[in-house]
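Taking the hints into account, I'd like the entire structure generated from these sequences.
Each protein sequence line maps, in turn, to chains A and B.
Going letter by letter, the first sequence gives residues 1 to 409 in the working numbering.
Going letter by letter, the second sequence gives residues 1 to 157 in the working numbering.
Hints in this document: simulated from the structure, not taken from any laboratory.
Here a beta-carbon is modelled for each residue, glycine too, at the ideal position from N, C-alpha and C.
Treat the hints with caution; some may be incorrect.
What the hints assert, rightly or not - Capping the alpha-carbon separation at 25 Å, the derived lysine-lysine pairs in DSS-like fashion look like this:
{"hint": "1", "chain 1": "B", "residue 1": "K133", "chain 2": "B", "residue 2": "K81"}
{"hint": "2", "chain 1": "B", "residue 1": "K139", "chain 2": "A", "residue 2": "K369"}
{"hint": "3", "chain 1": "B", "residue 1": "K133", "chain 2": "B", "residue 2": "K79"}
{"hint": "4", "chain 1": "B", "residue 1": "K58", "chain 2": "B", "residue 2": "K79"}
{"hint": "5", "chain 1": "B", "residue 1": "K79", "chain 2": "B", "residue 2": "K139"}
{"hint": "6", "chain 1": "B", "residue 1": "K139", "chain 2": "A", "residue 2": "K373"}
Unchecked claim - If you only want the chain B side, here are some residues facing chain A, beta carbon under 7 Å, derived:
{"hint": "7", "residue": "L4"}
{"hint": "8", "residue": "H31"}
{"hint": "9", "residue": "F35"}
{"hint": "10", "residue": "G40"}
{"hint": "11", "residue": "C64"}
Single-letter residue listing:
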Amino acid sequence: MFDPRLVRGDIPEMQRIINGRPLTYLDSGASSLTPRTVIEAMDRYYQNHHANVHRGVYQTANEATAIYEGARDAAARFLNAPGGADEIVFTKNATESFNLLARSWGATFLSPGDVVLVSEMEHHANIVPWFQLRESHGVEVRFIPVGDDYRLDLRNIEELMHGVKLVSVTGMSNVLGTINPIRDLADMAHAHGALIAVDGAQSVSHLPTDLVDLDIDFLAFSAHKMLGPTGLGIFWTREEILNAMPPFLGGGGMIKDVSVDGFIPASGPTRFEAGTPPIAETAGFTAAVRYLEGLGMAHVAAYEKELTGDALTRLALEFDGRVRVIGPADTLERGGVISLDVEGVHPHDVAQVLDQFGVCVRPGHHCAKPLMKRFGLAATARASFGPYSSVGDTDVLLEALTHAVEMFA
Amino acid sequence: MSNLDDLYREIILDHYRSPRNRGELAPPAHHVQGFNPLCGDEIEVYALIEDGVLKDIKLTGHGCSISQSSSSLMSAAVKGKPIVQVRETIATFKQLMTVHEDQLGDDATAHAPDVEADIRRLGELAALAGVVKFPVRIKCATLAWNTLTQALDEASA
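Below, the structure written as structure tokens:
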């Protein structure tokens, strides 16, 4: 069973002292901290197996290729991908995965007037590529509104679905913590002949993800939010869709044949992986997947839910309304992302004061400006948990918040 | 908390809680908007210039304590002053907000003697000197000043 103290012990950065205080890392929503096994896996690649992948004949090149392709297997297993490793494409990050979706699938299969239905709580990564496609291909971008309860307002969804070819929504809001009803949305999209893409940047790292159960068509997420390294994103789609998508970036490694007359793209996921890919990062990613599998994603989700419930209760009790949570007030369908609006204290000042206590929270619009505008805010100060977080972190957060409130009173 | 006290001096908190010269001015006052797209801070400067003198200045906007107190302190420092002198104050303040490599570390606020003299001339504005210890906040402090510079440039164009 899962013991957060053991997880903390596995994270070297937990030893850091910041401004005389032990690190209180509450920014896992932006990037998670890295377990030793992940760092060691990347280190092993550079110490022993450094060579380029694919087409090498010598031994270390084969080892590097095995590391790289092994990460595809790990991802497919972790997500229960129906078609296995051939459905996993490596990108730079979740943002690039969305750009791949828009530029390759969107530009090929969407026509002027077709609707892409996103939501008001999306990260800019799931908004801007669609606006770009609107400019280049004349698609319509439509938004599912967010209600005052900080959840998707689906009352008019039948009307909104008219003309929709793709629904593209987040599994979990990076600002509100709201967990969206993905399976219901998938059923709704399919009933209208549309496909559905999910931004898993927050959800894949904190909740169990089973692609067979979810019945979605596209998934984008990044390794660095799930205890893995930066520089590696994942794009998943069904094999039959993937094989119909044209390449996005051209170059070496993505071709079957090139002549002076033209090229034939490779089949399978490699056709989207032009150039030398991040190889050490895939080694780290596999280690991160193994680490999370060891913890069990159901345990991670249950533990973070407990932490979130405790933090929400104490925030409501201790500040008497002076610290407002921008997100659902209970833990029902809600993850460990807690956006705060502190009365009379700007989020940047909140984060600055918290830093003096070694507390890492993120101030700003969290790349979700339409959502900020929806709630009349320029920014929030966001605390977010990971599997290594503890009630002790919440203690320090509350102590530092009390100081911030008093300082600006 | 010594670092934090350097940043959030009592004068700064006072100007944040009770900003001076808050409001708008009608034309012929020049109106310029300044944004910090990274943090969403926004400042609007209204500058009434007559006979080479900044007769009146008003500011609106929203943002963190550093950006808002800096704009309030600025308005108090430049209101009613000849434009030449206003530009000198802007230059001195911008100098104060410049991080020099040899100042990084604990001596971030230790300026050369001639700069120290300039800082003394800034009066209350010198309370913002601690901002240079927090490089990401320098843009907060300079937003109002850059916006005022733009207003002066537009007025003289």
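Hints, verified against the model:
1. With a C-alpha separation of about 30 Å, the suggested pair B/K133 and B/K81 falls outside the 25 Å cut-off, and the hint is violated.
2. The suggested pairing of B/K139 with A/K369 holds, with an alpha-carbon distance near 20 Å, which does not exceed 25 Å.
3. With a C-alpha separation of about 28 Å, the suggested pairing of B/K133 with B/K79 is violated against the 25 Å cut-off.
4. This hinted pair checks out: B/K58 and B/K79 have alpha carbons roughly 9 Å apart, not beyond 25 Å.
5. A hinted pair counts as satisfied when its Cα atoms are at most 25 Å apart, and B/K79 with B/K139 qualifies at roughly 22 Å.
6. Pair hint B/K139 plus A/K373 holds up; C-alpha atoms about 23 Å apart against a cutoff of 25 Å.
7. For B/L4, the shortest C-beta to C-beta distance to chain A is roughly 5 Å, which falls under 7 Å, so the interface hint holds.
8. Using the Cβ-Cβ criterion of 7 Å, the hint placing B/H31 at the interface with chain A is not satisfied: the shortest such distance is roughly 21 Å.
9. Evaluation of the B/F35 hint against chain A yields a violated restraint, the C-beta minimum of about 11 Å exceeding 7 Å.
10. Interface hint at B/G40: satisfied, since its Cβ lies 4 Å from the closest Cβ of chain A, which is below the 7 Å cut-off.
11. Interface restraint check: B/C64 against chain A, minimum CB-CB distance 4 Å, threshold 7 Å, status holds.
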